[in-house]
Amino acid sequence: MAGSNDDIVSPFGPLQNELARMRGANLTAAIQDVDKIIEHLVAARERIAAADADHHRISMEMTRLQNPVKERLEAINNDLRDVTKAQRSFGKALDKALPQRELPMGTDAMADHPSLINRAIAMHLVREGQFSVASTFVRESRDHQPPLSLEPWSPRTARTDEDGDDDMLQGDGEEEGLTGHGVSNYPEDLQGQFAEMYSLLSELRNRNLGPAIKWARQNNSRLESAGSNLEFELCKLQFVWLFKGPGINGLPDDERNGERGALRYAQEHFARFQSRHLKEIQRLCGAIAFAPNIEQSPYRHIFQIDSAFEDVAASFTREFCSLLGLSAESPLYVAVTAGSIALPRLIKYNKNTKEKKTEWTTENELAFETPLPPSMIYHSIFVCPVSKEQTTEQNPAMMLPCGHVICRESLHNMAKGSRYKCPYCPTEGHLRDAIKITL
Amino acid sequence: MTDHENSSIRHNDHLLLDQPLLRLPNELLRKNFRAAHFAIEKDTSTLKTLLKDSATSAISGRASQQDVLKNLDAMISRMRGVKRKLGAYAEEEGRLHTQTAARIQHLDELYTMHSIEDVKYEAWSRKRLDRLLADYLLRHGYNNSAKELASEKNMENLVDVDTFVSMSQIREALLNGSVTEALAWCTENKKELRKMEVPNLYSHSQSKLEFMLRLQQYVELIRTQSQPKLVEAIAHAKKYLMPYWGTYPKEVKQACGLLAIPPDSSYGIYSDLYKNSRWNELADLFTTTHNSLLSLPSVPLLHVALSSGLSALKTPACHSSHDADVYSDTGSSSALGHGVCPICSTELNDLARNVPYAHHTKSHVEHDLFLLPNGRVYGKERLDDYSRKSGLSPDEVKDPVTGQTYPVDLLKKVFIT
Chain R
1 MAGSNDDIVS
11 PFGPLQNELA
21 RMRGANLTAA
31 IQDVDKIIEH
41 LVAARERIAA
51 ADADHHRISM
61 EMTRLQNPVK
71 ERLEAINNDL
81 RDVTKAQRSF
91 GKALDKALPQ
101 RELPMGTDAM
111 ADHPSLINRA
121 IAMHLVREGQ
131 FSVASTFVRE
141 SRDHQPPLSL
151 EPWSPRTART
161 DEDGDDDMLQ
171 GDGEEEGLTG
181 HGVSNYPEDL
191 QGQFAEMYSL
201 LSELRNRNLG
211 PAIKWARQNN
221 SRLESAGSNL
231 EFELCKLQFV
241 WLFKGPGING
251 LPDDERNGER
261 GALRYAQEHF
271 ARFQSRHLKE
281 IQRLCGAIAF
291 APNIEQSPYR
301 HIFQIDSAFE
311 DVAASFTREF
321 CSLLGLSAES
331 PLYVAVTAGS
341 IALPRLIKYN
351 KNTKEKKTEW
361 TTENELAFET
371 PLPPSMIYHS
381 IFVCPVSKEQ
391 TTEQNPAMML
401 PCGHVICRES
411 LHNMAKGSRY
421 KCPYCPTEGH
431 LRDAIKITL
Chain L
1 MTDHENSSIR
11 HNDHLLLDQP
21 LLRLPNELLR
31 KNFRAAHFAI
41 EKDTSTLKTL
51 LKDSATSAIS
61 GRASQQDVLK
71 NLDAMISRMR
81 GVKRKLGAYA
91 EEEGRLHTQT
101 AARIQHLDEL
111 YTMHSIEDVK
121 YEAWSRKRLD
131 RLLADYLLRH
141 GYNNSAKELA
151 SEKNMENLVD
161 VDTFVSMSQI
171 REALLNGSVT
181 EALAWCTENK
191 KELRKMEVPN
201 LYSHSQSKLE
211 FMLRLQQYVE
221 LIRTQSQPKL
231 VEAIAHAKKY
241 LMPYWGTYPK
251 EVKQACGLLA
261 IPPDSSYGIY
271 SDLYKNSRWN
281 ELADLFTTTH
291 NSLLSLPSVP
301 LLHVALSSGL
311 SALKTPACHS
321 SHDADVYSDT
331 GSSSALGHGV
341 CPICSTELND
351 LARNVPYAHH
361 TKSHVEHDLF
371 LLPNGRVYGK
381 ERLDDYSRKS
391 GLSPDEVKDP
401 VTGQTYPVDL
411 LKKVFIT
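Protein sequence lines correspond, in order, to chains R and L.
Position one of the first sequence corresponds to residue 1 (full-length UniProt numbering), numbered consecutively onward.
Position one of the second sequence corresponds to residue 1 (full-length UniProt numbering), numbered consecutively onward.
If we strip away everything but chain R, and leave its shape as in the complex, we get:
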């Protein structure tokens, strides 16, 4: 499979040809032949009706009718044969284009948790802004009685943040359990939150920063403690946007716009950022001096804002979600995409271990590697260079005084008494000098 980069010719070309052929050989041909039979019958009927009980003519007509009808019936058979043929060769092409491969259906680790999946879907729909589908889904899942009484799942205690105001998931499923897989805990709040997010985003797209700045200001303390400068970034963009003047930003040409407007904006709003962003503020204001020919000035890159609104919209989305304890990208999307990337390995593994009857879901750790693109690796992963195991809470990474890191188990296995020798450099030391580190 590796190195298949070169032969990425789509296998669907031939299939499309077969489809075209199949669309050509369809049932309408048979309908036309049926039509002709009807014509013959109707014509014969007319002639016989006009025959005035002339037996000879009637039997003549009936005899004459036999052959054309038979021919047409034959034609219908041929029509049908053509359809079958086309269908069959399409089927063959399909087998070739998309060879049937078994999916891992044996153990469905997800089947026992319909309410968790339903919740994930409801939240996904909401975060994608599909509010109407989401509410239909919530209603349907609530009304829907479970076909089998699956064991109730125990709800996780909702995670509240320090302000205690983030209780959108509280009471989550506590009343359901036995009754259904309804998303009874439907995060109504969450819908409100995302409705707000989408309205702010659409304002951002219309180059209106006001509402987003207001939001960022309200949530400033939490944003800052998460290491985000969103408010300042937004204000900075507002400054630049005003600076561009009515010719570009399309805002009314008054004292609140253009260079003067930008300066005035800076005076009104930048003071609060002085302690943290003094340097940048200085640069922004310094640029005003170069206003007539900013393009030639050292400040020109500040004013290149081609993608600035998209960038700021992306970081706005990220910060907004992260304040809700949610990832910026829908987890369901990431998980399903990762799933389709990892699936071939899983199938291969299943095939190779079928005889052993070991189920891949029973272990703590997968027995095979599932390589994901770098953008799908979220946590730092440390694999002990000695034992080749990932560090866990029970077996954390330990740093030796020389700066090398191995996992605790390896360290203890290597130690003689309370002393060790670093496997990577000549230093030796005492076990108690190794420090547990958090990556």
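FYI, nobody ran anything at the bench for these hints, they're computed from the structure.
In this text the structure is predicted, and so the values were computed from the model without any measurement.
Where is the CB? At the ideal position from N, CA and C, for every residue including glycine.
Careful: at least some of the hints might be erroneous.
As the list claims (entries may be wrong) - Quick list of in silico lysine-lysine cross-link-like pairs, DSSO-like style, CA-CA up to 30 Å: (1) R:Lys-70 / L:Lys-42; (2) R:Lys-421 / L:Lys-380; (3) L:Lys-52 / L:Lys-70; (4) R:Lys-70 / L:Lys-70; (5) R:Lys-348 / L:Lys-127; (6) R:Lys-96 / L:Lys-70; (7) L:Lys-191 / R:Lys-96; (8) L:Lys-42 / R:Lys-436; (9) R:Lys-351 / L:Lys-208; (10) R:Lys-416 / L:Lys-127; (11) R:Lys-92 / L:Lys-42; (12) R:Lys-92 / L:Lys-191; (13) L:Lys-52 / R:Lys-70; (14) L:Lys-412 / R:Lys-85.
Unchecked claim - Stretch-level coverage of chain R by chain L, calculated; a stretch enters the list once three of its residues show a Cβ under 8 Å from a Cβ in chain L: (15) 32-40; (16) 77-90; (17) 253-262; (18) 381-389.
Based on these hints, arrange chain L on the given structure of chain R.
Showing chain L alone in chain R's frame:
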């Protein structure tokens, strides 16, 4: 490096989840054709005999002009009937052709992309997610949600609403104690059911569904315990159960024995036969039979994708006992700078508890690591960035997670081998 390799799309492997997308319309096309064929066959053979008979009787002079005309009228109306039926089949055929074309095109699009990082890939993959969601919704009978999703996303041709809606109608009927709909479905698919192999469930080379439905009818007759119904039950057994004597001798014998046992007694297997939960089993048996007949996977594809995906993404840190709780305020933002980890995010966190975490043979850490006195390790770039954003002087750093501030000279370089 290998990073690039991990991002490239292995097209053929990537379409594993998409097999049913083309298989189902293909099965439906064949089914549609068989039905059309059957209709034509039946009516044209009648036409042939009719035509021949009326010709011979006309020639022999036995039939009057009126008789011949009557016969011709019968033939004409029969052929018009055929035409009408064929019209409906041709329409269905056309619909399936269009659907197939749309689906092939959708799958073909993947071949224009080479990397997971391709912007076009994201759009494609989102569409796939929507398809899998619709499939999940339909399989669980959330039909309106599925329809709405399909129309909002403009992907009616990629989603099998009709198939699943009619399936869920039959299923609902079974759950409400009616076998009529399911029996009609069995008749419709008689030939295929007979040929069907269900090796996983039963060792017989024939679907058990119809027998189980007939057995249930029988049980329901006996449940009434009224004399005429019991008589009817015996007749029913003779007609519908006895033919299965050879295939399911045990079940048929039990069914006979059931006559002697009223519903309220508790004799092991007999009281099992009276159980109401048998309706659920029937509904499930029907679903399994239906899906395998149409080469649909037995499990929602979303489950397959999720269990594989959750495992691939999960790390030991995702469910660690302290991290997430203590620092939840920061959204446990990931060290590698891609925002909150999807497994740590509320949506999937509980679900992912039940799957193993991914296996890694290589460390994935930030570049240029430094240790803070509190035991936490960060990449230099991230530390600097955060400290600058926090407005610290250049000789101080701030822990992005705990918020503690330290002088730069207390940092220690960390070597990851």
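Hints versus structure:
Between R:Lys-70 and L:Lys-42 the CA atoms are separated by roughly 15 Å; this keeps the pair inside 30 Å, and the hint holds. The hinted pair formed by R:Lys-421 and L:Lys-380 meets the criterion: a straight-line CA distance of about 28 Å does not exceed 30 Å. In summary, the hint linking L:Lys-52 to L:Lys-70 is supported, as the alpha carbons are separated by about 14 Å, within the 30 Å threshold. For a cut-off of 30 Å, the pair hint linking R:Lys-70 to L:Lys-70 stands: about 20 Å separates their Cα positions.
As the CA atoms of R:Lys-348 and L:Lys-127 are separated by approximately 26 Å, the hinted pair is consistent with the 30 Å bound. At roughly 53 Å between alpha-carbon atoms, R:Lys-96 and L:Lys-70 are farther apart than 30 Å, so this suggested pair is violated. For the proposed pair L:Lys-191 and R:Lys-96, the alpha carbon gap of about 27 Å is at most 30 Å, so the pair holds. In summary, the hint linking L:Lys-42 to R:Lys-436 is not supported, as the alpha carbons are separated by about 81 Å, beyond the 30 Å threshold.
Between R:Lys-351 and L:Lys-208 the CA atoms are separated by roughly 29 Å; this keeps the pair inside 30 Å, and the hint holds. Only pairs whose Cα atoms come within 30 Å are accepted, and R:Lys-416 paired with L:Lys-127 is rejected, the gap being roughly 58 Å. For the hint linking R:Lys-92 to L:Lys-42, the alpha-carbon distance of about 29 Å falls within 30 Å, and the restraint holds. For the hint pairing R:Lys-92 with L:Lys-191, the CA-to-CA distance comes to about 22 Å; that is within 30 Å, so the pair holds.
Using a Cα cut-off of 30 Å, the hinted pair L:Lys-52 and R:Lys-70 holds, with the two alpha carbons roughly 10 Å apart. Restraint check: the Cα-Cα separation between L:Lys-412 and R:Lys-85 comes to about 74 Å, which exceeds 30 Å; the hinted pair is violated. Requiring three or more residues with a Cβ within less than 8 Å of a Cβ of chain L, the coverage given for the stretch 32-40 of chain R holds, as 4 such residues are present. For the stretch 77-90 of chain R, the stated coverage by chain L is satisfied: 5 residues place a CB nearer than 8 Å to a CB of that chain, which reaches the threshold of 3.
For the stretch 253-262 of chain R, the assignment as covered by chain L is violated, since 0 residues bring a beta-carbon within under 8 Å of that chain's beta-carbons and 3 are needed. Only residues whose C-beta sits within less than 8 Å of a C-beta in chain L count toward coverage, and the stretch 381-389 of chain R has 5 of them, enough to reach three; the restraint holds.
Hints 6, 8, 10, 14, 17 from the list above are not met by this structure, while the remaining hints are.
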